[in-house]
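Those protein sequences? They're chains A and B, same order as listed. Per the working numbering, the first sequence runs over residues 19 to 332. Per the working numbering, the second sequence runs over residues 19 to 332.
There could be a bad hint or two in this list.
Since the list gives no way to pick one copy over another, a pair counts as held whenever it fits inside one copy or between any two copies.
[Claimed, not checked] Result set (DSS-like, lysine-lysine): computed pairs, CA atoms no more than 25 angstroms apart in a straight line:
1. K55 with K88
2. K123 with K51
3. K125 with K51
4. K123 with K313
5. K275 with K51
6. K257 with K51
7. K275 with K305
8. K257 with K275
9. K313 with K267
Hints listed in this document are in silico derivations from the structure and should not be mistaken for laboratory results. Keep in mind it's a predicted model, so treat the numbers as computed, not measured.
Protein chains: 2
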Amino acid sequence: MPITLSDIRQAAERIQPLIHRTPVLTSETLNRKSGAKLFFKCENFQRAGAFKMRGAANAVLSLSDADRAKGVATHSSGNHGQALAKAAQSVGVPAYIVMPRTAPKVKQQAVAEYGAEIIFCEPTLQAREDTLAEVIDRTQATFVHPYNNERVITGQATAALELIEDTNELDVVMAPVGGGGLLSGTALSTHYLLPRARVVAGEPTGADDAYRSLQAGHIIPSEQPNTIADGLLTSLGDKTFPIIQEHVKEIITVNDKEIVVAMHLIWERMKIIIEPSCAVPLAALFKRADDFADKQVGIILTGGNVDLSSLPFS
Amino acid sequence: MPITLSDIRQAAERIQPLIHRTPVLTSETLNRKSGAKLFFKCENFQRAGAFKMRGAANAVLSLSDADRAKGVATHSSGNHGQALAKAAQSVGVPAYIVMPRTAPKVKQQAVAEYGAEIIFCEPTLQAREDTLAEVIDRTQATFVHPYNNERVITGQATAALELIEDTNELDVVMAPVGGGGLLSGTALSTHYLLPRARVVAGEPTGADDAYRSLQAGHIIPSEQPNTIADGLLTSLGDKTFPIIQEHVKEIITVNDKEIVVAMHLIWERMKIIIEPSCAVPLAALFKRADDFADKQVGIILTGGNVDLSSLPFS
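Use the sequences and the hints to build the structure in full.
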């Protein structure tokens with residue numbers, strides 16, 4: 019069943035107690051440098067530090083009472099794990115997060131701080147999936163996939179919903195693409211609310227499976243992705259790909275150097291902390307500046323969880 | 019003549035076209051960690067990256083037409099130089115900024131980008147003052163002191179004015195203290211608008227001349243200051259000291275380690291970029307948490323101009 023505008027609006031209302039309505043910021047300097055008029059939806063200020071809180075909250079709050087008691091589970095070494103843990107904690111639902119032993123200490127701590135049970139596994143996809151299956155078998159918890167899940171996609175769609183509500187008629191809405199949860203949600207909200215606007219994604223060249231999938235007309239999995247934008251390593255899923263195929267005009271790929279330049283500009287000029295993944299759409303816009311000249315462009319800044327002791331600026 | 023509330027309100031109106039009304043942000047995590055309710059006035063998002071834009075704009079816009087044509091001059095290797103250059107550029111007034119040859123390239127570039135003429139000098143106070151005197155002799159420009167100037171103090175007072183307008187009754191208003199321009203302006207606005215509130219300053223122990231001046235009852239100049247909070251190295255002036263003496267309840271000193279801990283917390287939890295100097299009031303609050311328990315505390319975050327390639331986090 020397709021996700022409707024009514025589903026997205028209901029999700030927005032449902033998750034409202036668990037999320038921040040994040041601000042939309044602008045920057046004269048970045049407008050001047052880009053030649054476009056930019057509106058940044060600051061999900062880096064979202065609770066748990068990323069838009070992932072929206073999808074996680076929608077998934078948790080959509081559970082039946084019986085399923086709430088059993089809890090939620092996922093495998094994630096990143097923002098989705100933190101978001102699911104925090105969303106679950108906020109409403110007293112148990113959360114089980116499978117993480118590779120090699121996950122950064124700071125991410126382990128964040129998940130633990132949100133009261134989730136962490137189950138460590140070897141750092142392979144197989145080990146993650148096997149461990150998750152064991153956990154679910156033991157607990158009967160509901161698996162909340164980081165992106166290939168309609169509740170999650172619907173939750174992520176609320177970021178673009180708010181962006182569109184808080185700006186005048188946008189010509190373009192941009193988001194980065196990894197597994198496509200945010201991008202497909204963004205595409206749906208834009209399709210329903212601003213049917214004339216273009217949805218354009220940015221993707222790292224070192225993890226350009228979505229670009230290649232769109233060209234090929236079928237999902238091409240991400241193999242050995244290699245990019246500084248470590249939130250965008252995953253492959254599209256069978257729930258995100260069809261939405262993207264239908265509603266996303268274009269995916270522009272950018273290399274790590276272009277990503278770091280855009281990231282540095284946002285840090286330096288806007289004085290806000292964003293992850294490398296966030297900078298991908300702005301890098302894409304700079305790369306093809308002529309296509310965006312004088313346009314009103316909404317850009318979703320996805321998150322701000324970076325390791326401050328190891329930054330790519332020198 | 020004392021600075022009145024009407025002066026401050028007029029300045030707010032005068033500078034409004036040249037400044038941003040910066041947001042007041044809150045953080046659940048920092049409230050929890052501090053035990054107080056904190057309201058951060060984000061002057062790191064101000065034009066030119068710091069509150070200094072307010073005082074500079076007020077000084078430039080208060081000039082007579084004849085003086086506008088001659089321009090403004092100052093010596094500064096920091097935010098005041100950038101702010102004066104940008105304020106002057108915005109209204110077509112020439113600006114002359116004396117900088118030590120050793121000033122960081124990034125600061126030189128910022129001042130140059132704002133169209134000011136940079137005059138380099140040797141990195142001593144004597145050389146700065148001599149060079150500035152020559153420049154003023156040559157150009158007849160008006161000297162705009164970074165803080166010991168009533169127009170500047172009145173401009174800086176507008177930050178607290180906005181903070182107070184945008185929050186419910188604050189119990190405490192906090193700012194860092196260097197030369198005292200911001201602190202004296204903050205103290206005046208708070209005195210007029212929230213007479214029951216306490217004004218408390220934070221100061222680095224490595225540059226604690228204001229603390230010692232307040233104890234002694236007369237200005238004790240800053241000698242060989244040494245702190246990471248490089249915006250707070252200057253001494254109080256004869257225009258800022260009396261206001262601080264009359265209206266500031268207390269100055270709390272904090273060491274560099276405490277400053278970096280507070281700075282890291284703001285970066286990590288609020289996802290915003292602030293200078294070390296900004297973190298001084300929060301560090302002071304943490305140091306004396308019992309004094310602020312359950313209080314509503316407004317904190318002015320002064321600026322966000324940091325060298326991203328050299329951060330104190332490890």
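Going down the list of hints, with the structure as the test:
When the C-alpha separation of K55 and K88 is checked against a cutoff of 25 angstroms, the pair qualifies neither within a copy, at 47 angstroms, nor between copies, at 35 angstroms. Proximity of K123 and K51 under a CA criterion of 25 angstroms is satisfied inter-copy only: 21 angstroms between copies versus 38 angstroms inside one chain copy. Proximity of K125 and K51 under a CA criterion of 25 angstroms is satisfied inter-copy only: 19 angstroms between copies versus 35 angstroms inside one chain copy. When the C-alpha separation of K123 and K313 is checked against a cutoff of 25 angstroms, the pair qualifies neither within a copy, at 42 angstroms, nor between copies, at 34 angstroms.
Taking the closest pair of Cα atoms, K275 and K51 come within 25 angstroms of each other only inside a single copy of the chain (17 angstroms); across copies the shortest separation is 37 angstroms, beyond that limit. In the homo-oligomer, the alpha carbons of K257 and K51 never lie at most 25 angstroms apart, since the shortest distance is 37 angstroms inside one protomer and 41 angstroms across protomers. For the identical chains of this complex, K275 and K305 are intra-copy neighbours only, at 12 angstroms inside a copy versus 42 angstroms across copies, given an alpha-carbon limit of 25 angstroms. Taking identical chains as interchangeable, the C-alpha atoms of K257 and K275 are never at most 25 angstroms apart, the minima being 31 angstroms within one chain and 49 angstroms between chains.
For the identical chains of this complex, K313 and K267 are intra-copy neighbours only, at 16 angstroms inside a copy versus 51 angstroms across copies, given an alpha-carbon limit of 25 angstroms.
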